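Please arrange chain B on chain A, whose structure you already have, making use of the hints.
Spelled out, the chains give:
2 protein chains.
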Amino acid sequence: MNAPTATSPAHALDTFFAPSSIAIIGASRDALKIPGLLLTFLRRNGFPGWIYPVNPNYPNIDGLACYASVADIKQPIDLAIIIIPARAVLDALKDCAAAGVKHAIIISSGFAEEGGDSAAMQDAIADLARKSGMRVSGPNAEGFYNELGQVAATFSPTVDVKPDAPRLLATRRRIGIVAQSGGIGFAIYNRARTLGLALSYVVSAGNEADLGAGEFFDYMVQDAATDVILLFLEGIRDPETFVAAARRAAEVGKPVIIVKVGRSSVGGRAAASHTASMAGWSAAYDAVFAKYGFIVSDDLDEAVAIAAVLTTSPLPKGDRVAVVTVSGGGGIWGADVAVAQGLDVPELSAPLQEAIRALIPSYGSPRNPIDITAQAVHSGGLQKTVDLLSQSEEVDSILLVLSLSNETRISFKIEELKPLLDAQRKPVVFYTYTVPSQFARTELAKAGAVVLSSLLHAGVALSRAIDRARFRIAALLDCDAKPLPSDLLAPLKKGRLSEYDSKRLLAAAGVPMPQECLVRSRDELRDAVIRSSFPLAMKIQSVDIPHKSDIGGVRLGIASGQEADRTYDDLIARAKQQRPDATLQGVLVGTMAKPGVEIIIGTLQDATFGPMVMVGLGGITTELFRDVVYRPAPVGVGEAAAMLDGLKAAPLLHGFRGSAEADMEALAVLVARVSQLAARHRDLIAEIELNPVLVHPKGEGTTVVDALVVPFANGSSNVP
Amino acid sequence: MNAPTATSPAHALDTFFAPSSIAIIGASRDALKIPGLLLTFLRRNGFPGWIYPVNPNYPNIDGLACYASVADIKQPIDLAIIIIPARAVLDALKDCAAAGVKHAIIISSGFAEEGGDSAAMQDAIADLARKSGMRVSGPNAEGFYNELGQVAATFSPTVDVKPDAPRLLATRRRIGIVAQSGGIGFAIYNRARTLGLALSYVVSAGNEADLGAGEFFDYMVQDAATDVILLFLEGIRDPETFVAAARRAAEVGKPVIIVKVGRSSVGGRAAASHTASMAGWSAAYDAVFAKYGFIVSDDLDEAVAIAAVLTTSPLPKGDRVAVVTVSGGGGIWGADVAVAQGLDVPELSAPLQEAIRALIPSYGSPRNPIDITAQAVHSGGLQKTVDLLSQSEEVDSILLVLSLSNETRISFKIEELKPLLDAQRKPVVFYTYTVPSQFARTELAKAGAVVLSSLLHAGVALSRAIDRARFRIAALLDCDAKPLPSDLLAPLKKGRLSEYDSKRLLAAAGVPMPQECLVRSRDELRDAVIRSSFPLAMKIQSVDIPHKSDIGGVRLGIASGQEADRTYDDLIARAKQQRPDATLQGVLVGTMAKPGVEIIIGTLQDATFGPMVMVGLGGITTELFRDVVYRPAPVGVGEAAAMLDGLKAAPLLHGFRGSAEADMEALAVLVARVSQLAARHRDLIAEIELNPVLVHPKGEGTTVVDALVVPFANGSSNVP
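If you read the protein sequences in the order shown, they are chains A and B.
Position one of the first sequence corresponds to residue 1 (the numbering used here), numbered consecutively onward.
Position one of the second sequence corresponds to residue 721 (the numbering used here), numbered consecutively onward.
The hints are simulated quantities; they were obtained by calculation from the structure and are not laboratory data.
Only a predicted model underlies this, so the values are computations on that prediction, with no experimental measurement involved.
Even glycine gets a Cβ: it sits at the ideal position worked out from N, Cα and C.
Treat the hints with care, since some could be wrong.
As the list claims (entries may be wrong) - Subject to a maximum C-alpha distance of 25 Å in a straight line, what follows is the list of computed DSS-like cross-link-like pairs (lysine-lysine): (1) 384(A) x 418(A); (2) 317(A) x 254(A); (3) 1104(B) x 1138(B); (4) 753(B) x 413(A); (5) 753(B) x 384(A); (6) 1138(B) x 1166(B); (7) 1268(B) x 1296(B); (8) 648(A) x 1368(B); (9) 33(A) x 1133(B); (10) 131(A) x 74(A); (11) 851(B) x 814(B); (12) 1268(B) x 1213(B); (13) 317(A) x 418(A); (14) 33(A) x 1104(B); (15) 418(A) x 446(A).
Stated by the list, open to error - Here are some of the chain B residues that sit facing chain A, going by a computed Cβ distance under 10 Å: (16) 900; (17) 1043; (18) 1046; (19) 1051; (20) 1125; (21) 1347.
Next comes chain A alone, as it looks inside the complex (with noise of 0.2 Å):
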């Protein structure tokens, strides 16, 4: 009976979130607490289905049949809730199995965030829905709202239903909203309403004990009645299926707005011990949104709002903003925040403001930021500015900045508003500077909009959807990665490599290597020489030297034959007298690299999300700024640039202050490749450091000055 929309396909969590039989293992007669409300609240929202009470105290609970234990109910049932002692909730969950009951939510505490014991019975939970095929979400979860399907299977009050405060209904796309945290879930579900924004489900994932947050996203994903989804999360699970359903996501347009919390040590600390969940490294999160286009906030209401915009309005086509304001002060500050957000304000054309002029008083200004001035809400001039800007190609949207506190009146008349809203020109934000009166709210819903009471939000919201309608989710691969040949696997296995075995690592990995020769003599030194020019770069090579400047083993400008003689012999003594127990490879010799900009391109392995590469501008200022960017492995080109022009620094690259532009194209193709060659060996490479590598100009490609490729038994570190 609640049935998936029509669009959807069949999936099998349809009968989780929209069940035709909810048994309730520990109801209550009590309606305060928590058992008792999760009856009370299914009720009050009109649950269309079959209720059973669970619990041998009762015959009868409210009107409806008790049962002494779910065997008793001898009815098909698609879900099951149990709020008991966390002792008690392993036996309820096995008779539930038992009695075939298709989903449970574990809404009890005290089990992996306790730890010890009431860990280990988590651990139990986990395997019984694996083993019976139940699924289970849980336990310290607070259950779903599903609010077409009028489930209301969670204690949360904000699900309560106020017969004096109606619902207000503002937009026909509907948000999604996944949570780790009931209590923020239902937070942003219950602000989310409060502006008017229609949803499709509210879930919260507690602590994951088999259903995920990645799995719940999946659904939200390929559900046709969710529009856009809000994802709050301390940290994912199963990567997995997460990363899966993010490429869905990206595919099928339909964007993610998330708020990942447990950046900071001590949030991350606290994330670790509150749902056992792994908060993991921010960064590498930040990558694989990024990635798939993930719209990332940090704020309940920041997201909401950008929610609002995306639900309300279509996607802008420009990031040219008209900014109208009834107050001269409010336009300012309306223009400083678009511009802080990256828009742009265009002064609008001389016919348009002339149009404008006529609508407005003679102290107004049309020119953009348009103030109308509070008289012109009077005479209609705010509904015409409006209307001409909408019909109008010179902006792309419009950003309201009013004043909506007034209780019995609005500047707009809803029956204009609304066919102008219908239309989906462009995005049509509303803010007030004054606090919103709910008559106003009330109102501009009728003509679909939602009022913002943050021109900051509303100018991010802004900007998040421009960002949004210019993504593109990149190609997977549109650059080949060698596959390697055996014989240079087997270092890798052996556990350590030194320059030269890496950069010959690299090499047959298609990553462009500077000519250098390893010598192991005079002779060879001299056949070296020979074949390069000077000045020459010369450095020891041992795998037990990983740090060859620490016993002074790199000799830079070496400008003659006589010179090298000496520097070779030297650099061999240098390391046997330093480090008598290495095993030394020999010397490379190879010419000066010519200058460029310096890089430092990386791998190494995140726990959550494996291979991650990273890219850098070198030097000792930069590391100062931490100017760096990730992206899960393996990049292709297209997405090697984009990483490199979301580089603070990239100025510097495309030719700063007269230099030369760098030949972005070449560092492109290694940062790819070196991204494919960490993914396809992710068994065996831990870490990829190339540092420096030198960018030269246009044509003339790059120089891997130094490379190290770190396996796996050498025992790095997954997080730098």
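For chain B alone, coordinates are given in the frame of chain A:
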């Protein structure tokens, strides 16, 4: 009758803000239009003085005698509010002046913001004010509201009295609001009032023909009823008054929160046309704000949240915060926000954890963030935990992350909470992740608490309160710049200086300069070489060649006497060939500087605030990251050191990655002296640039490699 509070000394604006009698010129019977609203709001708010409506068309309005003109009133008038067509305003003002009216507010629009004739009318108003001594606010103003004195001299609907919505009042300390924009000024009042903040005054300055925002600011600073000042400014027309008030506020320790708009070029353009104000150069404004410890915000709600923390709580004694929550996710997020704002979220001591553990369920966490769980709210654990933390020496503030949306219950007993908050031991900040209920706001207000609805703003507010607690106004001058002898001032008046001239000037002002000689012949060169040590730097000197490098006029690393001779000849020949018309001063010869951290120091003159001093890290990367700090000149050594520490790249000076610590002390003295030179001779010196300055290891001083002093006569611009 509306006398200032006992502790304020008499101030000329006392009778402006608390008049005994008000004339409304242009009063109307139409209660829906602005002239009618003025009368309505004055009376509804219980203005306790005499009201004289002036309008020749009515014998009376709403029971009050109405006068044909101000002259007819024949009673003392403290304040006239003028709301008639722009063209009639000047005559009405003349009548006011003739009748001995003390103050006037011009609500009418259509003056400087229209330009042309209308701007001339504003000039005439200013002129009249100057000549008559009658102080005039506006035109284009929205008036003011004095909450204590019940004076609603404004048509802003935000001051309307709503019997069904009683005034929520949580704080005893009061905020005063000054805005040029009435719309935004009263919107801040509206938002603050909704939170339960007490206000002293809200005043809108409009076009500031006579009374400016600086003067109103000054009033708030001296006013005993105002505890925290909130400014919303587009630009400052009376910088001297403003800066003097800022200094006074800093000296008396009254916090100032400022939202400065018109920062973007578009916003600035709009500001310039809107109220014909000068939005100015943002960096100069921020430098002034930083100097006087202003709290800068870009958001109304954030500004109000900061005001809420400052009016409800004492300043924190340190940066350690306890995050207390009933939602695990909320606690993690609270910790993230606190850490992101620079706060410390320390794990609590074992004894304190034990004490809290006794109050909460086993699946809660007493570590910090402290997750007491929803369960502990019902058992009183929340209140007791807050009490423990309030008494503890382990944290300096408490951030509560709660759900306060319930319409009938709250998580605290007011009779227990009130004494805890009244004790003012440390800030206790209340944040709710769900939408706050009016019930919760009202109940908590009884205990003196304000409920914030943005966690980010709560974190920002705590962080700014800590900054404020740490702020000390810089001593004006702790380093004496030598006065310049008149022979050195002469070239400044002539209009151009070479590097040599500039360095002489700087040296005379006490700025340490390297040992260098200006040589004009081979003989002089020989002497100079003997007094220097190799390698040398040699630079052509001419006021006609400001960019020496462009003609190859700079030679470095000269290693012998012969090379010096050749270089001298070549520099002279090259200059004569490439700039035949240039008057050559000679060649500057000195020892090459030792290596050091590259710093840029400069001064310039801001159109609003006059001389400013700038420090920045040198080099191309820093230019890219715009890592510079400005302050109004002059600065003392202490303030200069604070500027240097304000650089993102400050770690480079403090010995980054094992390099030596730089001579910060010498550098700070150098910055101070340069700033003092620029300030002392602000009438002659437009700009000074020292670029680069090399800062050597501690105790080894600095080297000014190149320097240029640009006199005003050279026609430099004021803003970079």
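Against the structure, the hints:
1. 384(A) x 418(A): 13 Å, holds
2. 317(A) x 254(A): Distance of about 17 Å is within 25 Å: holds.
3. 1104(B) x 1138(B): 13 Å, holds
4. 753(B) x 413(A): Roughly 20 Å between the alpha carbons, so the hint for residue 753(B) and residue 413(A) holds.
5. 753(B) x 384(A): 22 Å, holds
6. 1138(B) x 1166(B): Roughly 7 Å separates the two Cα atoms, so the pair holds.
7. 1268(B) x 1296(B): 13 Å, holds
8. 648(A) x 1368(B): With a Cα-Cα distance of about 15 Å, the restraint between residue 648(A) and residue 1368(B) holds, given a limit of 25 Å.
9. 33(A) x 1133(B): Satisfied, since the Cα-Cα distance of roughly 20 Å is no more than 25 Å.
10. 131(A) x 74(A): Answer holds: residue 131(A) to residue 74(A) is near 22 Å, not above 25 Å.
11. 851(B) x 814(B): Distance of about 11 Å is within 25 Å: holds.
12. 1268(B) x 1213(B): 23 Å, holds
13. 317(A) x 418(A): Roughly 21 Å separates the two Cα atoms, so the pair holds.
14. 33(A) x 1104(B): 22 Å, holds
15. 418(A) x 446(A): Within the cut-off at roughly 7 Å; holds.
16. 900: 6 Å, holds
17. 1043: The hint holds - residue 1043(B) has a Cβ within 10 Å of chain A, the shortest such distance being about 8 Å.
18. 1046: 7 Å, holds
19. 1051: Holds - the Cβ of residue 1051(B) comes within 10 Å of chain A, reaching about 6 Å at its closest.
20. 1125: 7 Å, holds
21. 1347: Nearest chain A Cβ about 8 Å off; hint holds.
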